[in-house]
Amino acid sequence: FLFAAAVLGTIGSGGGAGSGGAFGPYYPAEQALLAEHAGDRDRTTVFAGLSFVGVLAAALGAALAAVPHVVFVTGLGTRLDGYRILFWCTVLVGVAMAAIILPVREARPSHRIGGGRRPPPLSRRTRGLLVRFGVTNGINGLAIGFLGPILALWFHLRYGVDSAEIGALYFAINLGAVLPYLGVPWITRRLGGVVRTVVAVRVASAALLAVIPLMPSFALAGAVYLVRMLANAVSVPVRQSFVMGVVPAAERSRMAALSNLPARIGALAGPALVGVMLRTWWVGVPLELAAALQLAYSGLFWRYFRHVRPPEEGGATPPASEGTA
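Each step along the sequence shown adds one to the number in this note's numbering, with nothing skipped, and position 51 is 88.
No lab work stands behind these hints, which were simulated from the structure alone.
Don't take each hint at face value.
Computed Cβ-Cβ distance ranges for the label pairs, DEER-style [unchecked claim]:
| no. | residue 1 | residue 2 | range |
| --- | --- | --- | --- |
| 1 | Asp-118 | His-344 | 55 to 61 Å |
| 2 | Val-264 | Ala-135 | 34 to 40 Å |
| 3 | Ala-260 | Gly-112 | 30 to 36 Å |
| 4 | Gly-220 | Glu-350 | 16 to 22 Å |
| 5 | Ala-205 | Arg-169 | 36 to 42 Å |
| 6 | Thr-82 | Gly-197 | 41 to 47 Å |
| 7 | Gly-131 | Thr-82 | 38 to 44 Å |
| 8 | Tyr-120 | Val-322 | 23 to 29 Å |
| 9 | Thr-111 | Thr-82 | 42 to 48 Å |
| 10 | Val-345 | Arg-301 | 29 to 35 Å |
| 11 | Gly-351 | Tyr-120 | 47 to 53 Å |
In this text, all values refer to a predicted model and were calculated from it rather than measured experimentally.
In this text, a Cβ means the ideal position worked out from N, Cα and C, and glycines have one as well.
Please model the entire structure based on the sequences and the hints provided.
Laid out in structure tokens, this is it:
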């Protein structure tokens, strides 16, 4: 059920390589559910597998970006009609995703405050981790806000390409990202653990992002962006698995939801700022700022978590949350 929901929910580049093939309001609960059933040894592999399926579906969604162009050249309607078709498809896919996820069940928590329905408060250790994840995710979210929502527009303004060409690029990115996901467990071992993996691939992807505005053609810019996204793809399931591995099982859903909230807030601010930049500054400024923010994210991630080890790397099993022992 979860894999089917990932397939439906990631049709479109919004759920592609950049997001690890999984996103949406239900995903914090899904992360906790996957971690609960996968176990420490297989958790990262399972997260990578979910991303693998989601990105395959995202490649299909990216290919559908050619629909407005096809509708126009075949005389079936205007380009606007083609975009309306895509929006309605998104609505239908969202409804289907919700219907598929409904049958998924998990064991109800047995430990509640006073026997009621309220969960116990987060443990002191988890609250400390939450603050650190919140800071790093907020910076990353702002970088995503500078990049994700406007990148297709940026390619159009910079190189004059249309939605069909941009869709072909995203199709190649999402199809190519399948290979890194298959190798995530091996890459993590080779780089010396999850924290080293996240930092290494994020630094590399930030450096590649900074180069993109300097490319003289869409073909070269697209090639650099493709390599950048393939590197960045590795970090997503690794980071998700790391978050789930270092907190107690009873606190995973809340950690997943609350730690990602700053990222959503940061992403909201980005597009408004980018609009001003594109009108008044050099067209490459948003991408350069996004690269700088992602470098800052990498540095803070290393500073905050280089001594935090999940159980599969020999770290201590997270203690039970307060009130649950």
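Item checked: Cβ separation of Ala-205 and Arg-169, checked against the hinted range 36 to 42 Å -> holds (39 Å)
Next item on the list: Confirm or reject the claim that Gly-131 and Thr-82 have a C-beta distance inside 38 to 44 Å.
Entry: violated (28 Å)
Pairwise beta carbon distance, Gly-220 to Glu-350, judged against the given window 16 to 22 Å:
Because 18 Å falls inside the window, the suggested range holds.
| Using the C-beta atoms of Thr-111 and Thr-82, is the stated range 42 to 48 Å upheld? | Distance hint for Thr-111, Thr-82 holds at roughly 44 Å.
Indicate whether the distance between the beta carbons of Val-264 and Ala-135 respects the range 34 to 40 Å.
Holds, at about 35 Å.
Taking 23 to 29 Å as the hint, is the beta-carbon distance of Tyr-120 and Val-322 inside that range? At roughly 28 Å between Cβ atoms, Val-322 and Tyr-120 fall inside 23 to 29 Å, so the hint holds.
For this session: Could you tell me whether the CB distance from Thr-82 to Gly-197 stays inside 41 to 47 Å?
Result: About 43 Å separates the Cβ atoms of Thr-82 and Gly-197, which means 41 to 47 Å holds.
C-beta pair Ala-260, Gly-112: status relative to the range 30 to 36 Å that was hinted: holds (34 Å)
Self-check item: Satisfaction of the hinted span 55 to 61 Å by the C-beta atoms belonging to Asp-118 and His-344
Solution: Given range 55 to 61 Å: holds, Cβ gap about 56 Å.
- So the hint says 47 to 53 Å: do the beta-carbon atoms of Gly-351 and Tyr-120 match that? With a Cβ separation near 51 Å, Gly-351 and Tyr-120 satisfy 47 to 53 Å, so the hint holds.
Do the beta carbons of Val-345 and Arg-301 sit within 29 to 35 Å of each other?
With a Cβ separation near 24 Å, Val-345 and Arg-301 fall outside 29 to 35 Å, so the hint is violated.
Comparing the model with each earlier hint shows violations of hints 7 and 10; every other hint is respected.
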